[in-house]
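Generate the whole structure from the sequences, applying the supplied hints.
Here are the chains, one letter per residue:
2 protein chains.
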Amino acid sequence: MENFADRLIAAIETKGTPACVGIDPVYELIPAEITRCAKEPCAAGARAACVMAFHEEIIEIVAPHVPAVKPQVAFYEMMGAAGMAAYADALRRAAQKGLIVIGDVKRGDIGSTAQAYAAAHLGEIPPHVHDQLFVADAITVNPYLGSDGVKPFIEAARRSGRGIFVLVKTSNKSSGEFQDLVAGDSELFVKVAGKVNEWGTQPGLIGSRGYSCVGAVVGATYPEQAARLRKLMPAAYFLVPGYGAQGGSAKHVAPCFNPDGLGAIVNSARGIIYAWTRSPYKERFGEARWRDAVEAAVKDMVADLMRNEE
Amino acid sequence: MENFADRLIAAIETKGTPACVGIDPVYELIPAEITRCAKEPCAAGARAACVMAFHEEIIEIVAPHVPAVKPQVAFYEMMGAAGMAAYADALRRAAQKGLIVIGDVKRGDIGSTAQAYAAAHLGEIPPHVHDQLFVADAITVNPYLGSDGVKPFIEAARRSGRGIFVLVKTSNKSSGEFQDLVAGDSELFVKVAGKVNEWGTQPGLIGSRGYSCVGAVVGATYPEQAARLRKLMPAAYFLVPGYGAQGGSAKHVAPCFNPDGLGAIVNSARGIIYAWTRSPYKERFGEARWRDAVEAAVKDMVADLMRNEE
Chain A
1 MENFADRLIA AIETKGTPAC VGIDPVYELI PAEITRCAKE PCAAGARAAC VMAFHEEIIE
61 IVAPHVPAVK PQVAFYEMMG AAGMAAYADA LRRAAQKGLI VIGDVKRGDI GSTAQAYAAA
121 HLGEIPPHVH DQLFVADAIT VNPYLGSDGV KPFIEAARRS GRGIFVLVKT SNKSSGEFQD
181 LVAGDSELFV KVAGKVNEWG TQPGLIGSRG YSCVGAVVGA TYPEQAARLR KLMPAAYFLV
241 PGYGAQGGSA KHVAPCFNPD GLGAIVNSAR GIIYAWTRSP YKERFGEARW RDAVEAAVKD
301 MVADLMRNEE
Chain B
311 MENFADRLIA AIETKGTPAC VGIDPVYELI PAEITRCAKE PCAAGARAAC VMAFHEEIIE
371 IVAPHVPAVK PQVAFYEMMG AAGMAAYADA LRRAAQKGLI VIGDVKRGDI GSTAQAYAAA
431 HLGEIPPHVH DQLFVADAIT VNPYLGSDGV KPFIEAARRS GRGIFVLVKT SNKSSGEFQD
491 LVAGDSELFV KVAGKVNEWG TQPGLIGSRG YSCVGAVVGA TYPEQAARLR KLMPAAYFLV
551 PGYGAQGGSA KHVAPCFNPD GLGAIVNSAR GIIYAWTRSP YKERFGEARW RDAVEAAVKD
611 MVADLMRNEE
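Residue numbers (our numbering), protein chains in the order written: chain A, 1 to 310; chain B, 311 to 620.
Hints should not be assumed to be uniformly reliable.
Claimed, not checked - Subject to a maximum C-alpha distance of 30 Å in a straight line, what follows is the list of computed DSBU-like cross-link-like pairs (lysine-lysine): (1) Lys592(B) to Lys541(B); (2) Lys15(A) to Lys299(A); (3) Lys195(A) to Lys461(B); (4) Lys561(B) to Lys592(B); (5) Lys325(B) to Lys195(A); (6) Lys299(A) to Lys151(A); (7) Lys173(A) to Lys151(A); (8) Lys325(B) to Lys561(B); (9) Lys173(A) to Lys592(B); (10) Lys173(A) to Lys505(B); (11) Lys195(A) to Lys592(B); (12) Lys151(A) to Lys609(B); (13) Lys195(A) to Lys173(A); (14) Lys231(A) to Lys151(A); (15) Lys151(A) to Lys541(B).
Quick caveat, the hints were computed from the structure, so don't treat them as lab data.
Note that this is a predicted model, so its numbers are computed, not measured.
Encoded structure:
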């Protein structure tokens, strides 16, 4: 069973970029050529069908350029059971394209319930079940409940060659409200980082490249904290949200990388998948050429992160 | 639009008990008379059908005795999209029986994603959509991301007459690992409680009985902390897990109530819905009379909590 971090690094090296495309399908933002077939007000099932048609195209466009995609389950959950079938479809299509698939589910609960979530998102897929399960290569996990809420995910990841990214310092404005509280000698997010390092360096979790299958979510919007966290969790891969539409730039994400040029995967969602609604792609392409806008935006992101390395 | 806390209190007073039954459907624990129709190894869809048959009976048995049920989505999520359709079915059946339905989903994310989760679980149900959405009367919410991760849920609750229970002090063994860290003058869970009180006492959130639609999860396994939290969040309804199978007794949950006898709803899941697998119901009923065991266990829980009041 290959270690998740090894698989992730191999994909990053094959594509030559640590860029990840977030798939956040908001029905109202999907190009009209896809949604106009559905009548308004549109039932959840019809919306889910439109979303599937959209993410199919997005995955097709970005797959040659990036190593990974990150579907956000919340936007699928809005559409009920039909939406969750669409989420399963996104995971499966991306995997078929050879992409590393990170399910952004931010789950977390106590022992037996955490085990159920781990089985749901990192479990074995029985040979006779081909789709509509939610198993991804890795998922995001919320640490608020402590070790016994996180360890079932780590055990599942170890068994299945998959990974987790634990929320450490999130990209949103109010992330500091609790995460930055100082307890004794350091902030809560530093304490969580210490646990992530402890959890992720247990035997059997570190791959051949020195990275663990237990990673961390570290927002691009807090570069100073990222620099400290990079040293506190040397073996953790960082999943870095907040690049692009949330305001983070290549400069902001630089502290998330180790001197080996590895250690972070940088996510952009709205800036890529709705590129035609934003400058400069809006002017260059418009909605009629939305596919070209998406491709140009993903290429620009790859180039931007590349300049950063030099 | 009636306030959620008012609706909850009315249901509690009608049934004469603050007992809530947790619906945690573990396929392997379901009575063989239900599962033997499904072939092994059993596909997710067939498992989901068994779970639906099981929760239908559980809801039927407990509905006359308790005001509320709490389906745990993790156990449904394990079965993929078919499982999520079963989760929607549990919510709908319980609502049809007049029960208050608390979706134990522990969601939490940044602004726009939190909005999507809020729409998924507390949103408006379009008139032409009748089932397979995940809308409950209230849900549990994880606070790690701070105010902008919680407020979209509060706004949705306000608009729809629904509620949330924010994780404050969870019932599991390692809950103290982060929640009990002391920052300045108090522990993290006390800081979270302060925010819950602030969030929940904004205009338009307090009902006619003085309670807010913003409640808190406070584990029965930490009665001393519960006593402190009761004073810090006087208007918050407590959802109290950890009674029964997790070790909490009526004595342990007593500090969760206010002097008015209100302020807490006490959940038991495994101790009720799998009662026939545990003493004394195992000996008295066995699996053949599992329905009688479930009914006896729920009646015993109601009586146990009643003694507490006296």
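These are the hints, each one checked on the structure:
1. Lys592(B) to Lys541(B): Not satisfied, since the Cα-Cα distance of roughly 40 Å exceeds 30 Å.
2. Lys15(A) to Lys299(A): 12 Å, holds
3. Lys195(A) to Lys461(B): 28 Å, holds
4. Lys561(B) to Lys592(B): Roughly 24 Å separates the two Cα atoms, so the pair holds.
5. Lys325(B) to Lys195(A): 45 Å, violated
6. Lys299(A) to Lys151(A): 37 Å, violated
7. Lys173(A) to Lys151(A): Since the Cα atoms of Lys173(A) and Lys151(A) sit roughly 28 Å apart, the hinted pair holds (cutoff 30 Å).
8. Lys325(B) to Lys561(B): 21 Å, holds
9. Lys173(A) to Lys592(B): Violated: Lys173(A) and Lys592(B) sit about 52 Å apart, past 30 Å.
10. Lys173(A) to Lys505(B): Satisfied, since the Cα-Cα distance of roughly 16 Å is no more than 30 Å.
11. Lys195(A) to Lys592(B): 41 Å, violated
12. Lys151(A) to Lys609(B): 35 Å, violated
13. Lys195(A) to Lys173(A): 24 Å, holds
14. Lys231(A) to Lys151(A): 23 Å, holds
15. Lys151(A) to Lys541(B): 33 Å, violated
Hints 1, 5, 6, 9, 11, 12, 15 from the earlier list are contradicted by this structure; the remaining hints agree with it.
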